[in-house]
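Student: Each chain, written out:
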Amino acid sequence: MGIGGRIGGSLGESARVTTPLVGLCYDIETRMSQAKRVLVADDSEAVRTVLVTALTQAGYEVAVAINGNDAYEMGQTGSIDLALLDHLMPGLLGIEVIARWQAEGYQIPVIILSGVDDERTIVDSLDLGAVDFVRKPFRLPELMARIRQRLPD
Amino acid sequence: MNGTRIAFFAVGVVFAVDTVLLLGLITLKTVHRRRMERHDQRRSIYLGVLSRRLAFPLHTDYIDPEVARDGAFLDAVIDLRNTVAGPEIDTLAGIIDRYGLVKRQAARLRSRFPLGRRLRAAVSLAEMGDESSAPLLIEFLSDREPEIRIQCARGLGRMQHTPAIDAIIERFGKESPWVRSRFADTLVGFGALAAWPLLAYARVNHDYDDNAAVVEAIRVLGTIGERDIGPPLSDLLAKFRNPELKIAAIEALGYVGGPLAVTPLVAYMQDHDWRLRAKAANSLGEIGDPQASPALRLGLEDENWWVRRNSAGALAGIPGGLGILHEALHADDQFARDAAAEALADCGQLGKARERQEQGQATAADLELLGFMIEDALVP
Chain E
192 MGIGGRIGGS LGESARVTTP LVGLCYDIET RMSQAKRVLV ADDSEAVRTV
242 LVTALTQAGY EVAVAINGND AYEMGQTGSI DLALLDHLMP GLLGIEVIAR
292 WQAEGYQIPV IILSGVDDER TIVDSLDLGA VDFVRKPFRL PELMARIRQR
342 LPD
Chain Z
1161 MNGTRIAFFA VGVVFAVDTV LLLGLITLKT VHRRRMERHD QRRSIYLGVL
1211 SRRLAFPLHT DYIDPEVARD GAFLDAVIDL RNTVAGPEID TLAGIIDRYG
1261 LVKRQAARLR SRFPLGRRLR AAVSLAEMGD ESSAPLLIEF LSDREPEIRI
1311 QCARGLGRMQ HTPAIDAIIE RFGKESPWVR SRFADTLVGF GALAAWPLLA
1361 YARVNHDYDD NAAVVEAIRV LGTIGERDIG PPLSDLLAKF RNPELKIAAI
1411 EALGYVGGPL AVTPLVAYMQ DHDWRLRAKA ANSLGEIGDP QASPALRLGL
1461 EDENWWVRRN SAGALAGIPG GLGILHEALH ADDQFARDAA AEALADCGQL
1511 GKARERQEQG QATAADLELL GFMIEDALVP
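Sequences listed follow chains E and Z, in order.
The first sequence begins at 192 in my numbering and counts up one residue at a time.
The second sequence begins at 1161 in my numbering and counts up one residue at a time.
By construction, these hints were calculated from the structure, which means they are not laboratory data.
Do not rely on the hints blindly, as some may be mistaken.
Calculated pairs, EDC-like style, for lysine to aspartate or glutamate (alpha carbon to alpha carbon, straight line, at most 20 Å) [said to hold, decoys possible]:
{"#": "1", "chain 1": "Z", "residue 1": "Lys1399", "chain 2": "Z", "residue 2": "Asp1431"}
{"#": "2", "chain 1": "Z", "residue 1": "Lys1334", "chain 2": "Z", "residue 2": "Asp1345"}
{"#": "3", "chain 1": "E", "residue 1": "Lys327", "chain 2": "Z", "residue 2": "Asp1367"}
{"#": "4", "chain 1": "Z", "residue 1": "Lys1263", "chain 2": "Z", "residue 2": "Asp1235"}
{"#": "5", "chain 1": "E", "residue 1": "Lys327", "chain 2": "Z", "residue 2": "Glu1411"}
{"#": "6", "chain 1": "Z", "residue 1": "Lys1334", "chain 2": "Z", "residue 2": "Asp1367"}
{"#": "7", "chain 1": "E", "residue 1": "Lys327", "chain 2": "Z", "residue 2": "Glu1287"}
{"#": "8", "chain 1": "E", "residue 1": "Lys227", "chain 2": "E", "residue 2": "Glu252"}
{"#": "9", "chain 1": "Z", "residue 1": "Lys1263", "chain 2": "Z", "residue 2": "Glu1287"}
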């Protein structure tokens, strides 16, 4: 769902409030505080920028990591609802981050992004607990659909 | 005294010159680093603006046409070109067109700039992979600089511009081995689309052209692995006179020939040239058809070690081949016995036999193999 849909819904709900503008602001704040948090971890600035732009546009809160170690630490905060991890990053690999989170009991759904599309990488990622695997370069609408599927409202 | 003064003066001059050179170098490096930092900052800003365009089609941020002059903008476009696929590529193609990025790089490529700048232009065009640059890239496939020719071919491969296949193949016979091998990589990227033109090239040129180019073309055919060209390649193999061509074709048939190639390959197991026999054994192993087993069994007794080794290796991968290798442990020919034992060891049968022996579950064949290896001192 795009942001247009969200604002339309908010106006409908806020119609019950005496002051429409105050109601709208309250509603947006409530939504922001309830927004799902997505971690984007990739060493490519272009990938990070595209994903952060698209996810923010779609109403998600976004955390960004540029390497596997940072991604692993951000997951430990317990506030991540979904992680998009690059397969090959400086520091920990995407699948190593998943393995560590799982060993410590963090059940974070992970979508692996990878420029390597050999069968072994895909199978290893899914076996280790990734919920999905997306090849780079990726189709943005398709990736967003996969994210929405994993993070229903 | 005068000599000492002159010496001190000379040392002073050298020191001063070194200091000036060092300071100059440090200044240049600092300027370059700051320039790169500013370049990266601008690139980040462009990435943000362009990403909004991609993520939000109704986005209306103004982009100054002057940015087309900025290398950071071009880098941002190329980065995004390598990041997204599908409809977003069309959006990027629109931006590339609107800001004249291809035209600008084309002008650089055509210019009399030194190689470095022209090469950067060729790399940018290849990375953008924009269809509008295809005619230019085809034209520059015959540039005087090999690096530029390679980048042009790469760009054409990236955009899967099929009319370029013939143009690239046409250059095959005129290029050095290095450039040719890079062209070959590009042709592999075209996949099945390049298979028939390559076969046609080999058919027309095998008698006249540089054999190395035809050999490379046939190797590419094997790498592409298009099964439909198996039968015509078998026919072509019969026409080749040069052994290098025959070796390349026999190898390619292992990947593309399928069961139809078994008969011609089995015939090559009787060739007087051991290289052809060895390669034929390999290819029969790649095909994996049990019809080849009798010929490969004979290959175990070949006079040449490579033929014996490849025949045994091929049998190890063919259905029923392990049984033939176990039987060959009793062959009259010592070479055949050794080749069979080595192949059984290489394909893991020896290890499995040992495991089963340790677990007390060894079969008669396992014990035979272990006994043979110990008897012949092939294993401790």
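Student: Name the hints, by number, that the structure is in violation of.
Tutor: 3 and 5
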